[in-house]
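Respectively, the protein sequence lines represent chains C, H, E and W. Position 93 of the first sequence, counting from 1, maps to 93 under the numbering used here, and the rest follow consecutively. Position 73 of the second sequence, counting from 1, maps to 73 under the numbering used here, and the rest follow consecutively. Position 11 of the third sequence, counting from 1, maps to 11 under the numbering used here, and the rest follow consecutively. Position 104 of the fourth sequence, counting from 1, maps to 104 under the numbering used here, and the rest follow consecutively.
Treat the hints with care, since some could be wrong.
Once the Cα atoms are required to be at most 30 Å apart in a straight line, the calculated DSSO-like pairs of lysine-lysine come out as [said to hold, decoys possible]: (1) W:Lys40 / E:Lys62; (2) H:Lys40 / E:Lys19; (3) W:Lys62 / E:Lys62; (4) W:Lys36 / E:Lys36.
Rather than coming from a laboratory, the hints here were simulated on the basis of the structure.
4 protein chains.
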Amino acid sequence: MPIVNRYVDISTVDKEAKKDYIDRHSPFIHCATSAKGGEKFQVTVRMGKDYAHPDDPDHFIKSIQLYNATTLLGEANFTSGMMGGAGAKGNAEVTFNIVPATGKLTLTAMSYCTKHGLWECDPVTINVA
Amino acid sequence: MPIVNRYVDISTVDKEAKKDYIDRHSPFIHCATSAKGGEKFQVTVRMGKDYAHPDDPDHFIKSIQLYNATTLLGEANFTSGMMGGAGAKGNAEVTFNIVPATGKLTLTAMSYCTKHGLWECDPVTINVA
Amino acid sequence: MPIVNRYVDISTVDKEAKKDYIDRHSPFIHCATSAKGGEKFQVTVRMGKDYAHPDDPDHFIKSIQLYNATTLLGEANFTSGMMGGAGAKGNAEVTFNIVPATGKLTLTAMSYCTKHGLWECDPVTINVA
Amino acid sequence: MPIVNRYVDISTVDKEAKKDYIDRHSPFIHCATSAKGGEKFQVTVRMGKDYAHPDDPDHFIKSIQLYNATTLLGEANFTSGMMGGAGAKGNAEVTFNIVPATGKLTLTAMSYCTKHGLWECDPVTINVA
Numbered sequence: 001m002p003i004v005n006r007y008v009d010i011s012t013v014d015k016e017a018k019k020d021y022i023d024r025h026s027p028f029i030h031c032a033t034s035a036k037g038g039e040k041f042q043v044t045v046r047m048g049k050d051y052a053h054p055d056d057p058d059h060f061i062k063s064i065q066l067y068n069a070t071t072l073l074g075e076a077n078f079t080s081g082m083m084g085g086a087g088a089k090g091n092a093e094v095t096f097n098i099v100p101a102t103g104k105l106t107l108t109a110m111s112y113c114t115k116h117g118l119w120e121c122d123p124v125t126i127n128v129a
Numbered sequence: 001m002p003i004v005n006r007y008v009d010i011s012t013v014d015k016e017a018k019k020d021y022i023d024r025h026s027p028f029i030h031c032a033t034s035a036k037g038g039e040k041f042q043v044t045v046r047m048g049k050d051y052a053h054p055d056d057p058d059h060f061i062k063s064i065q066l067y068n069a070t071t072l073l074g075e076a077n078f079t080s081g082m083m084g085g086a087g088a089k090g091n092a093e094v095t096f097n098i099v100p101a102t103g104k105l106t107l108t109a110m111s112y113c114t115k116h117g118l119w120e121c122d123p124v125t126i127n128v129a
Numbered sequence: 001m002p003i004v005n006r007y008v009d010i011s012t013v014d015k016e017a018k019k020d021y022i023d024r025h026s027p028f029i030h031c032a033t034s035a036k037g038g039e040k041f042q043v044t045v046r047m048g049k050d051y052a053h054p055d056d057p058d059h060f061i062k063s064i065q066l067y068n069a070t071t072l073l074g075e076a077n078f079t080s081g082m083m084g085g086a087g088a089k090g091n092a093e094v095t096f097n098i099v100p101a102t103g104k105l106t107l108t109a110m111s112y113c114t115k116h117g118l119w120e121c122d123p124v125t126i127n128v129a
Numbered sequence: 001m002p003i004v005n006r007y008v009d010i011s012t013v014d015k016e017a018k019k020d021y022i023d024r025h026s027p028f029i030h031c032a033t034s035a036k037g038g039e040k041f042q043v044t045v046r047m048g049k050d051y052a053h054p055d056d057p058d059h060f061i062k063s064i065q066l067y068n069a070t071t072l073l074g075e076a077n078f079t080s081g082m083m084g085g086a087g088a089k090g091n092a093e094v095t096f097n098i099v100p101a102t103g104k105l106t107l108t109a110m111s112y113c114t115k116h117g118l119w120e121c122d123p124v125t126i127n128v129a
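The task is simple: from the sequences and hints, build the whole structure.
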């Protein structure tokens, strides 16, 4: 099955290689803590916080999806070379704009690495006034 | 989080509406039981076995992904209207061709419904001689 | 600009290398010559007729899109390795099913090679009775 | 064939409805006028300059692709509802980050409207020092 890996707080992880592995494969959501209904709300999803991922033709971050609860909002597909190409490392990133209705957004991101599969971050809840 | 729903054998489900719900949202893999290394191997993924899914602009099957273990092989994106459009029901379907290396394929499909999210089928194992 | 290359009848092309180049990058539509409204109609799009395309990590057929006139019907995304991987050649292929309304389908396919860009085939007209 | 529409300077267009039609379907590239090799370079692609596009389930901006000459860099897929949903209008937008090599970028964007097909903007040339 396509196991979806979940982010684990790397401060709880001992081995440096594992911290790196988890961090560079995890999407992180960056956005304001509240939104206004009917107004543009910017959401950036960026891979990794403290570590960067290779950008080789056979090993790169291929996509980031942004969900509101279980509903797909947007998806970005990347190509190898965008982060500097073979030998380089980088933090794939995309910024979406959404115009939410009042209520609540429960944002989650899911990313795909061509070698290490699907990764999902913890949901971020945003109140939309 | 984008909950990935898993197929449940509907013969174990009592309510007709739930049988329908699970079946029409689940991708099913159709392929030969064995493959030859270096030769073309056809894999069809079809949504539903006994039930069909609406094809409305705001409610349709948007994509099917085919994985080998955790590695994405191919993805099909559909548009509403392909299955007859508003008011119609159908079984979205795609056929991929892959040329596997000898060993084993562990095929899984994941689909996305614009209203009911991600669904994953049980893996199908294929020996590649 | 993303120049969209158009298929050229390779029997009118002299140089063998150019025949190969055009053929292996062109999507070809394979389907019945007529369809019935409201019934499933199978459309296969296959890359190349007489030549095959590399399947290297940095050089492969990444996608095939199927259009009815200017409307996208479906899209398949492939990954390198599906056609045998580095050193191998193949003819990427996908089969879609559509349920057309009565009238006419004007099918066109557009494909993308990671090194040689977008390619479009001549439209195929199907009467839907 | 999937006609790819090209942007036309709307100051040369007389009819208001046609200005609106062209503008709201055209992707515009927003980025710095020069880049540094090996460093992150931000590229925003936004639909429309003076007009906004509907966000209805059967009529919305579905995707934006960013090309460097004929090479796809990144692609964003949107879903209807992201810009406020049925009855609302908006300017779909995505921001990519790329790390170019020294030389030149020839950026073009191509977008797809579910009713009015593919649209391509004029290329933007960026020197990468």
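Hint-by-hint comparison with the structure:
| no. | hint | result |
| --- | --- | --- |
| 1 | W:Lys40 / E:Lys62 | 25 Å, holds |
| 2 | H:Lys40 / E:Lys19 | 24 Å, holds |
| 3 | W:Lys62 / E:Lys62 | 19 Å, holds |
| 4 | W:Lys36 / E:Lys36 | 57 Å, violated |
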